[in-house]
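Fit chains A, Z and P to the supplied structure of chain G, relying on the hints for placement.
4 protein chains.
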Amino acid sequence: MYHLPQLKKTTQINAIAVMTSGGDSPGMNPAIRSVTRAALNQGVRVFGINRGYSGLIIGDIFELKSRNVTNIVQRGGTILKSDRCEAFKDPVVRHQAAEILKEHGIGGLIVIGGDGSLTGAHLLFHETGIPVIGLPGTIDNDIYGTDDTIGFDTALNTALEAIDKIRDTAISHERIFLVEVMGRNSGHIASQVGVACGAEMIIVPEIDFTLETLSFTLANQRAEGRGSSGIIVVAEGPRPGLTYRLARQLEIDGQTAGVCILGHIQRGGQPTGHDRVLASCLGAAAVTYLLAGETDIMVGIKNSKITAIPLLDIMEQKKPLNPELVQLAQLLHK
Amino acid sequence: MYHLPQLKKTTQINAIAVMTSGGDSPGMNPAIRSVTRAALNQGVRVFGINRGYSGLIIGDIFELKSRNVTNIVQRGGTILKSDRCEAFKDPVVRHQAAEILKEHGIGGLIVIGGDGSLTGAHLLFHETGIPVIGLPGTIDNDIYGTDDTIGFDTALNTALEAIDKIRDTAISHERIFLVEVMGRNSGHIASQVGVACGAEMIIVPEIDFTLETLSFTLANQRAEGRGSSGIIVVAEGPRPGLTYRLARQLEIDGQTAGVCILGHIQRGGQPTGHDRVLASCLGAAAVTYLLAGETDIMVGIKNSKITAIPLLDIMEQKKPLNPELVQLAQLLHK
Amino acid sequence: MYHLPQLKKTTQINAIAVMTSGGDSPGMNPAIRSVTRAALNQGVRVFGINRGYSGLIIGDIFELKSRNVTNIVQRGGTILKSDRCEAFKDPVVRHQAAEILKEHGIGGLIVIGGDGSLTGAHLLFHETGIPVIGLPGTIDNDIYGTDDTIGFDTALNTALEAIDKIRDTAISHERIFLVEVMGRNSGHIASQVGVACGAEMIIVPEIDFTLETLSFTLANQRAEGRGSSGIIVVAEGPRPGLTYRLARQLEIDGQTAGVCILGHIQRGGQPTGHDRVLASCLGAAAVTYLLAGETDIMVGIKNSKITAIPLLDIMEQKKPLNPELVQLAQLLHK
Amino acid sequence: MYHLPQLKKTTQINAIAVMTSGGDSPGMNPAIRSVTRAALNQGVRVFGINRGYSGLIIGDIFELKSRNVTNIVQRGGTILKSDRCEAFKDPVVRHQAAEILKEHGIGGLIVIGGDGSLTGAHLLFHETGIPVIGLPGTIDNDIYGTDDTIGFDTALNTALEAIDKIRDTAISHERIFLVEVMGRNSGHIASQVGVACGAEMIIVPEIDFTLETLSFTLANQRAEGRGSSGIIVVAEGPRPGLTYRLARQLEIDGQTAGVCILGHIQRGGQPTGHDRVLASCLGAAAVTYLLAGETDIMVGIKNSKITAIPLLDIMEQKKPLNPELVQLAQLLHK
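These protein sequence lines are chains G, A, Z and P, in that order.
To get the numbering used here, take the position in the first sequence, counting from 1, and add 149.
To get the numbering used here, take the position in the second sequence, counting from 1, and add 149.
To get the numbering used here, take the position in the third sequence, counting from 1, and add 149.
To get the numbering used here, take the position in the fourth sequence, counting from 1, and add 149.
Hints are supplied without guarantee of correctness; some may be wrong.
Claimed, not checked - Cβ pair distances, simulated, as ranges:
{"hint": "1", "chain 1": "P", "residue 1": "Q466", "chain 2": "G", "residue 2": "E465", "range": "36 to 46 Å"}
{"hint": "2", "chain 1": "A", "residue 1": "I207", "chain 2": "G", "residue 2": "N369", "range": "20 to 30 Å"}
{"hint": "3", "chain 1": "A", "residue 1": "K467", "chain 2": "Z", "residue 2": "I356", "range": "38 to 48 Å"}
As the list claims (entries may be wrong) - Computed cross-link-like contacts, PhoX-like style, restricted to lysine-lysine with a CA-CA straight-line distance of at most 20 Å:
{"hint": "4", "chain 1": "P", "residue 1": "K451", "chain 2": "G", "residue 2": "K454"}
{"hint": "5", "chain 1": "Z", "residue 1": "K468", "chain 2": "A", "residue 2": "K454"}
{"hint": "6", "chain 1": "P", "residue 1": "K451", "chain 2": "P", "residue 2": "K468"}
{"hint": "7", "chain 1": "G", "residue 1": "K467", "chain 2": "G", "residue 2": "K451"}
{"hint": "8", "chain 1": "A", "residue 1": "K451", "chain 2": "A", "residue 2": "K468"}
{"hint": "9", "chain 1": "Z", "residue 1": "K451", "chain 2": "Z", "residue 2": "K467"}
{"hint": "10", "chain 1": "A", "residue 1": "K454", "chain 2": "A", "residue 2": "K468"}
{"hint": "11", "chain 1": "P", "residue 1": "K454", "chain 2": "P", "residue 2": "K468"}
{"hint": "12", "chain 1": "P", "residue 1": "K454", "chain 2": "G", "residue 2": "K451"}
{"hint": "13", "chain 1": "A", "residue 1": "K467", "chain 2": "A", "residue 2": "K451"}
{"hint": "14", "chain 1": "Z", "residue 1": "K451", "chain 2": "Z", "residue 2": "K468"}
{"hint": "15", "chain 1": "G", "residue 1": "K214", "chain 2": "P", "residue 2": "K483"}
{"hint": "16", "chain 1": "P", "residue 1": "K454", "chain 2": "G", "residue 2": "K454"}
{"hint": "17", "chain 1": "A", "residue 1": "K454", "chain 2": "A", "residue 2": "K157"}
{"hint": "18", "chain 1": "P", "residue 1": "K454", "chain 2": "G", "residue 2": "K468"}
{"hint": "19", "chain 1": "G", "residue 1": "K454", "chain 2": "G", "residue 2": "K468"}
{"hint": "20", "chain 1": "Z", "residue 1": "K214", "chain 2": "A", "residue 2": "K483"}
{"hint": "21", "chain 1": "G", "residue 1": "K468", "chain 2": "G", "residue 2": "K451"}
{"hint": "22", "chain 1": "A", "residue 1": "K454", "chain 2": "Z", "residue 2": "K454"}
{"hint": "23", "chain 1": "G", "residue 1": "K451", "chain 2": "P", "residue 2": "K451"}
{"hint": "24", "chain 1": "G", "residue 1": "K454", "chain 2": "P", "residue 2": "K468"}
{"hint": "25", "chain 1": "Z", "residue 1": "K483", "chain 2": "A", "residue 2": "K214"}
{"hint": "26", "chain 1": "P", "residue 1": "K467", "chain 2": "P", "residue 2": "K451"}
{"hint": "27", "chain 1": "P", "residue 1": "K214", "chain 2": "G", "residue 2": "K483"}
{"hint": "28", "chain 1": "G", "residue 1": "K454", "chain 2": "G", "residue 2": "K157"}
{"hint": "29", "chain 1": "Z", "residue 1": "K468", "chain 2": "Z", "residue 2": "K454"}
{"hint": "30", "chain 1": "A", "residue 1": "K454", "chain 2": "Z", "residue 2": "K451"}
{"hint": "31", "chain 1": "Z", "residue 1": "K454", "chain 2": "A", "residue 2": "K451"}
{"hint": "32", "chain 1": "P", "residue 1": "K157", "chain 2": "P", "residue 2": "K454"}
{"hint": "33", "chain 1": "Z", "residue 1": "K451", "chain 2": "A", "residue 2": "K451"}
{"hint": "34", "chain 1": "Z", "residue 1": "K454", "chain 2": "Z", "residue 2": "K157"}
{"hint": "35", "chain 1": "Z", "residue 1": "K454", "chain 2": "A", "residue 2": "K468"}
These are calculated hints, taken from the structure and not from any lab test.
C-beta atoms are modelled at their ideal positions from N, C-alpha and C, and glycine is treated no differently.
So that you can see chain G by itself, here it is in the shape it has in the complex:
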């Protein structure tokens, strides 16, 4: 699948640390396992940091041996726990964190998380010189520079399994259901889920709409009597409550629709095969890059290849949505 980077160990790093940060995502555990064992195989010691930056700044650090990561490849969540850490936005705190890492003899840090967590890593390196490598760990797949993120494929399948159940009721009662999926400000989950479930309509923040036109379009589609899944996929979007607002608009326009907010079930669960392979490859690659002297990069996937992306790019740019999937869903629903 992915070709691993062929780099040699050129640094004198004797120990590295790994953490998971921000919202948990399925695949963080196989990533931790891969980082740990790839480093141990190079004779490098590995430390785990509990609760992301929150644990780092209080020194909640412990040595990871090979046995600690046995039989976690299939587990959801993260054995290192995770957290969002406000305090780490303070440069003083970041300097303290660097001191703690140095006290443990840690020569490099691997951070698995979303763009907020990777920003923290970038700042840590720039201000303190601690080498950092990021791994894209989020279900949202909204990180610039990588086609894929650890957890996205699992979340896609979790959402789909839920929708396949809702579909039974939608068909049996000939009802419409508005199903809200995660994705924060992006429609990456929604557009893939929508194609995969045969949605009647996909609503994403990247494509402008008004509630009135959505309701109107939907009424027209149904009046044409197309064979219908009854499923409308809605990305949660930046402002909470969109799905309920749409349901009310439909009600006003004479259509009743059920509402399902899939919510946190999308974050958990055993990682899929895809996410386990992805996490295993990226974890090993992160160690390779770090020991070869790279820093301030995220290791991701571009056109099926493992690639290094500068963390600065990730902070400054937004990943665009491919609108073709939304159009394809529309085409294939007819």
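Using the frame of chain G, we list chains A, Z and P on its own:
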């Protein structure tokens, strides 16, 4: 598992009809299959009625052959579709319905649904003399006189699978989650789900509580530092919004909790083995009772035995909740 | 669901031990959790024994605290590990085992396992006076005196999910598949799986057959052109290879059939809701019985009630198969 | 995800046909749906051919309307059924097939299947001039020129779910299990499954081995006392029985291992999100290529892009295995 009734065909019934009514539940399809084939095996013709009473009163009736129910045993939802029918509350409409059944030569009707649907069946028999047999088809398991209902076991497992995913995040972030499960006015789903997921607390409508005492108890439990699943199971209850109200109370008292409303995913999905066996046995038994001249009963399960319960009892009595499961969950959480 | 026994603690037991023995089954972990916490709630210490009798006889025993059983309710397998122990068939070894228990101050032993394991418990009590309580932990549901065993429901669903996948190929290729399920010398799994998957035929060791008549019957059924699932469920039975022998007979008679041996996937996996509730209730009940002075019994389920069955009965009697399910499957396949 | 080809309809094709051929794979149904609706949207009629080439040569052809493909996106197997057709190896038969297509006014054929099926399509075009487009439909992912095939991701996850269950027993009993996965002569499934399940060892036909050295290596690994999953993944390979032969060799060398042949469960089941999106994109692309005048190609994926590969290349070249995954699994198991 269940012993089937040993009754002989004593009636002259040459054709029966079957419908699904009210909210759909997993297992309705194996019940339809069982009714159809058990009747055909006795030389009796079978008619399917689409959309429950709504289809009956407009004569949306078609003959079911053996092939029509091939490979539906594993399907969620109902191939006969379902509906809630307000019009059927009018006795005039029920008389029209009886006429339509007679026109098709239908000598008995099997209704698969919840207590509202079974009430309709009872009235139809009392006013028109059409023999009726009910089957308990609801995920809520809230029908008097039967220990089990078709769809309950599947809903239990669907809710559990969702909670097992939420648990990954609860553990990784050391957060509490309030998970709302279905069950209308009863806590049957909530109490079993709660025991099965190792809930910290189970909240059911049958046991009085105030938001303040719940919040207080929870704070105490957590202060004791017990090993915790982080999951609190809440039955939806008669008044919508309970789970959000509890979350707000917790917030006021200084605890943050995530909220997940499992919603309609609990109604769909492939039926479990238990529900398929249950539906297959009850479907065949319903035909046996009907052809032996029984009417105005529901065929259910009491102490692992197939039993007939008068429909009148079902209408007049409420199924009590066994509070021991709630207590057991509390005991086992410590 | 199940009413728990209302007994008082009458013994002076201060510590108990729990083990899992024989083939693992899904639900052993929630049973361990329930035993542990129910005892701790009574102020009784709990010891876990690793690897069943194999661990007992070498003193592989450790104290179980509440935290040790946190978040295991959903896990397959057994955290105490399991084993089949030949050495324990020797009375001398059993006496040594009793000494080890006494050294730890253990006043009673709870054994979770199949009939072989329960026989060991019975002998241990008879020869050494150590109070023992058995819990039926096996996927096979072949233990006399209980309607249900911990793990059976999960195995049923695991087999069904596999068959639902095989069915896709059976239908797409219009082929027959012989699917072998577990169950040792009994057809309990096969008969329920067969009804639940809509099998064309169910073959169990309790009902006599010859390969020739099976093949002949099947050819006839197919010649009649019935709507068919294409699935034939075969219980593994006492002599390995039955399924392959049947496939060869079909081949000789001009029918080609695929063979799938489901094998060990049926033993593992997260326990279903049913098995978790069952295990939780039985585990707590076992502690109640033990502390109330009972011994030499298994705690099981009879007609939906928790019941105590003398271990001697279990050893001496074979659980009969209800042939009605096999007949029902035949009836409903037509 | 995938960018769809931007081509214009340049042909006069008014009707196309679609078939599934060879072993079924999950995702064939969303591919059929996508082909059908993409063509209908261009004003082109669509015919479905039952049972692949077997149905074609007897004219088992029917018109596909939009409604025929409603709510099949989530279904395993293929609604068009499939078959392996020996007769189609005869050029005379292929000419008859072309006549049948012409009689129906069919101006192009889309074949979803493995390399054997695509070879048939190539010959049909070369000998008769009927435009053909292939889609890679096989779980084995062994087709030259495409990184991915429809069904591969689902099979990967199905195998993994089975192994995750076997792992419970492997851990509980501290046993080794040899798990045989599909893949015919290639190790694509085995290598990804192996990385994803944390296998101790992966055995694929592309990498030479002797039973003796495998057994020796395994004994060494276990003697080192590494934390172990207990799972060894074996690709079925060209000669049946490899897994049993390896088990016997291990037995001779003093290690007992369980054997699980996953078999046909890997072919069926609801397609994953990945496979549904892949199939939807490729199906629409196949129609675009066909209507733009392309022929004798397969539409596949190369570096995340939709690509056309000449069918001749597929017939003549074997897809190589990336050995890095096997090495990675070895590295990460330590």
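Hint check results:
A C-beta distance of roughly 43 Å is found between P:Q466 and G:E465, which places it inside the suggested range of 36 to 46 Å. A hinted range of 20 to 30 Å for the beta carbons of A:I207 and G:N369 is consistent with their spacing of about 26 Å. Hint check: A:K467 to Z:I356, Cβ distance near 43 Å, so the stated range 38 to 48 Å holds. Between P:K451 and G:K454 the alpha-carbon distance is near 11 Å, which keeps this suggested pair within the 20 Å criterion.
As the CA atoms of Z:K468 and A:K454 are separated by approximately 18 Å, the hinted pair is consistent with the 20 Å bound. Of the pairs offered as hints, the one joining P:K451 and P:K468 holds, with about 13 Å between alpha carbons and a cut-off of 20 Å not exceeded. The suggested pairing of G:K467 with G:K451 holds, with an alpha-carbon distance near 15 Å, which does not exceed 20 Å. Restraint check for A:K451 and A:K468: the C-alpha separation of about 13 Å stays at or below 20 Å, so the hint holds.
Of the supplied pair hints, the one linking Z:K451 and Z:K467 holds, its CA atoms being roughly 15 Å apart against a limit of 20 Å. Distance hint between A:K454 and A:K468 is fulfilled; the C-alpha atoms sit about 18 Å from each other, no more than 20 Å. Proximity of P:K454 to P:K468 is assessed by CA-CA distance (about 18 Å); at most 20 Å being required, the pair is judged to hold. The straight-line distance between the Cα atoms of P:K454 and G:K451 is roughly 11 Å, inside the 20 Å bound, and the hint therefore holds.
Restraint check for A:K467 and A:K451: satisfied, since their Cα atoms lie roughly 15 Å apart, inside the 20 Å limit. Note on Z:K451 and Z:K468: the hinted pairing holds, with a Cα-Cα distance of about 13 Å set against a maximum of 20 Å. Restraint check for G:K214 and P:K483: the C-alpha separation of about 11 Å stays at or below 20 Å, so the hint holds. Taking the CA atoms of P:K454 and G:K454, the gap is near 12 Å; set against the 20 Å cutoff, the hint holds.
Taking the CA atoms of A:K454 and A:K157, the gap is about 19 Å. The hint holds against a cut of 20 Å. At most 20 Å may separate the alpha-carbon atoms for a hinted pair to count; P:K454 and G:K468 meet this at roughly 18 Å. The suggested pairing of G:K454 with G:K468 holds, with an alpha-carbon distance near 18 Å, which does not exceed 20 Å. With a C-alpha separation of about 11 Å, the suggested pair Z:K214 and A:K483 falls inside the 20 Å cut-off, and the hint holds.
Restraint check for G:K468 and G:K451: the C-alpha separation of about 13 Å stays at or below 20 Å, so the hint holds. At roughly 12 Å between alpha-carbon atoms, A:K454 and Z:K454 fall within 20 Å of each other, so this suggested pair holds. Restraint check for G:K451 and P:K451: the C-alpha separation of about 12 Å stays at or below 20 Å, so the hint holds. A distance of roughly 18 Å separates the Cα atoms of G:K454 and P:K468; the hinted pair therefore holds under the 20 Å criterion.
At roughly 11 Å between alpha-carbon atoms, Z:K483 and A:K214 fall within 20 Å of each other, so this suggested pair holds. As the CA atoms of P:K467 and P:K451 are separated by approximately 15 Å, the hinted pair is consistent with the 20 Å bound. With a C-alpha separation of about 11 Å, the suggested pair P:K214 and G:K483 falls inside the 20 Å cut-off, and the hint holds. Note on G:K454 and G:K157: the hinted pairing holds, with a Cα-Cα distance of about 19 Å set against a maximum of 20 Å.
Annotation: proposed proximity of Z:K468 to Z:K454 holds, straight-line Cα distance about 18 Å (limit 20 Å). For the suggested pair A:K454 and Z:K451, the alpha carbons sit about 11 Å apart, so the restraint of at most 20 Å is met. Taken as a hint, the Z:K454 and A:K451 pair is honoured in the structure, with Cα atoms around 11 Å apart against an allowance of 20 Å. Taking the CA atoms of P:K157 and P:K454, the gap is near 19 Å; set against the 20 Å cutoff, the hint holds.
At roughly 12 Å between alpha-carbon atoms, Z:K451 and A:K451 fall within 20 Å of each other, so this suggested pair holds. The suggested pairing of Z:K454 with Z:K157 holds, with an alpha-carbon distance near 19 Å, which does not exceed 20 Å. Annotation: proposed proximity of Z:K454 to A:K468 holds, straight-line Cα distance about 18 Å (limit 20 Å).
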